[in-house]
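Enquirer: Sequence:
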Amino acid sequence: MNFQLISCAQTTKEKSEKKVEQKGTTIKTGAENTNLYLNLLKGKNIAIVANHTSVLSVLQRAEVAPNVMGSKKVTHHLVDYLHSYNGIHVKKVFAPEHGFRGKEDAAAHVDDAIDTKTGLPILSLHGKSKKPSAKQLEGIDVVVFDIQDVGVRFYTYISTLHFVMEACAENGIQVIVLDRPNPNGHYIDGPVLEPKHSSFVGKHSVPVVYGMTIGEYAQMINGEKWLKNNVQCDLKVIPLEHYNHNSTYSLPIKPSPNLPNDKSINLYPSLGFFEGTTINAGRGTEFQFQRYGAPFFKKTNFSYTPKANDGAKYPKHKEKLCYGVDLRQAPHLSKINLSFLMDAYKRTPKTEKFFGSTFTIHAGTEKLQQQIEQGLSEQEIRKTWAKGLVNFKIIREKYLIYN
-11 MNFQLISCAQ
-1 TTKEKSEKKV
9 EQKGTTIKTG
19 AENTNLYLNL
29 LKGKNIAIVA
39 NHTSVLSVLQ
49 RAEVAPNVMG
59 SKKVTHHLVD
69 YLHSYNGIHV
79 KKVFAPEHGF
89 RGKEDAAAHV
99 DDAIDTKTGL
109 PILSLHGKSK
119 KPSAKQLEGI
129 DVVVFDIQDV
139 GVRFYTYIST
149 LHFVMEACAE
159 NGIQVIVLDR
169 PNPNGHYIDG
179 PVLEPKHSSF
189 VGKHSVPVVY
199 GMTIGEYAQM
209 INGEKWLKNN
219 VQCDLKVIPL
229 EHYNHNSTYS
239 LPIKPSPNLP
249 NDKSINLYPS
259 LGFFEGTTIN
269 AGRGTEFQFQ
279 RYGAPFFKKT
289 NFSYTPKAND
299 GAKYPKHKEK
309 LCYGVDLRQA
319 PHLSKINLSF
329 LMDAYKRTPK
339 TEKFFGSTFT
349 IHAGTEKLQQ
359 QIEQGLSEQE
369 IRKTWAKGLV
379 NFKIIREKYL
389 IYN
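Quick note: the sequence shown uses our numbering, first residue -11, plus one each step.
It should be emphasised that the hints constitute simulated quantities derived from the structure, not laboratory data. As the structure is a computational prediction, the values presented were derived from the model and not from experiment. Each statement offered as a hint is correct.
Straight-line Cα separation of at most 25 Å, BS3-like style, residue types lysine-lysine; simulated pairs:
(1) Lys323 - Lys371
(2) Lys216 - Lys119
(3) Lys242 - Lys105
(4) Lys184 - Lys355
(5) Lys341 - Lys306
(6) Lys386 - Lys16
(7) Lys213 - Lys119
(8) Lys341 - Lys308
(9) Lys191 - Lys116
(10) Lys323 - Lys242
(11) Lys338 - Lys306
(12) Lys242 - Lys61
(13) Lys16 - Lys242
(14) Lys334 - Lys286
Derived DEER-like restraints, expressed as beta-carbon distance ranges:
(15) Val313 - Asn74: 49 to 57 Å
(16) Thr63 - Glu354: 44 to 52 Å
(17) Lys123 - Pro283: 47 to 55 Å
(18) Thr346 - Arg49: 48 to 56 Å
(19) Glu274 - Glu385: 37 to 45 Å
(20) Pro183 - Thr236: 29 to 37 Å
(21) Lys338 - Phe290: 18 to 26 Å
(22) Asn74 - Ser186: 37 to 45 Å
(23) Thr236 - Thr63: 19 to 27 Å
No residue lacks a Cβ here, since even glycine has one placed at the ideal position from N, Cα and C.
Taking the hints into account, I'd like the entire structure generated from these sequences.
Expert: Listed below in structure tokens is the structure:
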């Protein structure tokens, strides 16, 4: 199978010079690099894996003042843009967790539907099946994948990517990934997943925070032969411009209902562990993943009451007053902060009820729960991650597109 990155060749000197010239330049997404992929789609029957984040802004002729024509940036959804493009035949859309419009609860069953704007069928990859079937891919020449990721192992869009690539490899269909920035791409941290704990919440032996864009990650899945039966797909990655792993990137659209802003996205790798505990991490409030608490914590100066809202119909401790910790002013993180989890454990009167059945699949290992129960310090726990992180960085290096 072919494995290819589409890019403009540059020497090291050219890259260095361009980096200086591009200081402060706006990042250009893969979707916006239309000159690199539109010709690849002409005359083809395509399917698109997309959600509400799959947007692009392109310069086009438009009315810039009353009765005055000119050029300006116009934002489109990728499905609308490609569906209206002459010579490109969009046949269907595949939707991940949270649905095509990004409004469904985490882990909620998503049904098939029809897109009211284009009339295209929307096929769920978070319902009866998480993998496109051979029948669903009949007559498709290319699958275009364009979803904003946040660079955290238990954020399921990379699992959807895995199954899309696997289905396409099995059916001889090309995959084109339109790359997007990773807002947590500036660091690598956390325990590496143990294969026996592989699930849709974490499929691969990578750390919680892996420091790769979704395009780089696709190259790693393919190159390391992580797909079923070691198959590889015909993969092309359309790269970003003006991006490196230390780039600051504020997502223009929240990637899912419970990651509403930059602070929540930055705290998510640390507070995501609470998903497998009895502690509420802000779901059911307007400050998801920016606080944590429970009704059984001792009374503090900070409290909140989770209520049903978009993306959290049944939040933990719904309609109960929770005492806890407000993290809205917390410093920007460049590593996982275990102190939140350890603090909540100590605040819980009945610690034997703290961990839930899904904690291990979020952590990717049984060891983290055991270490916290044994009273190990954060420093002692982090030492046990070191070897796995070193080994992963060696693998990761082979698939990086950006500095």
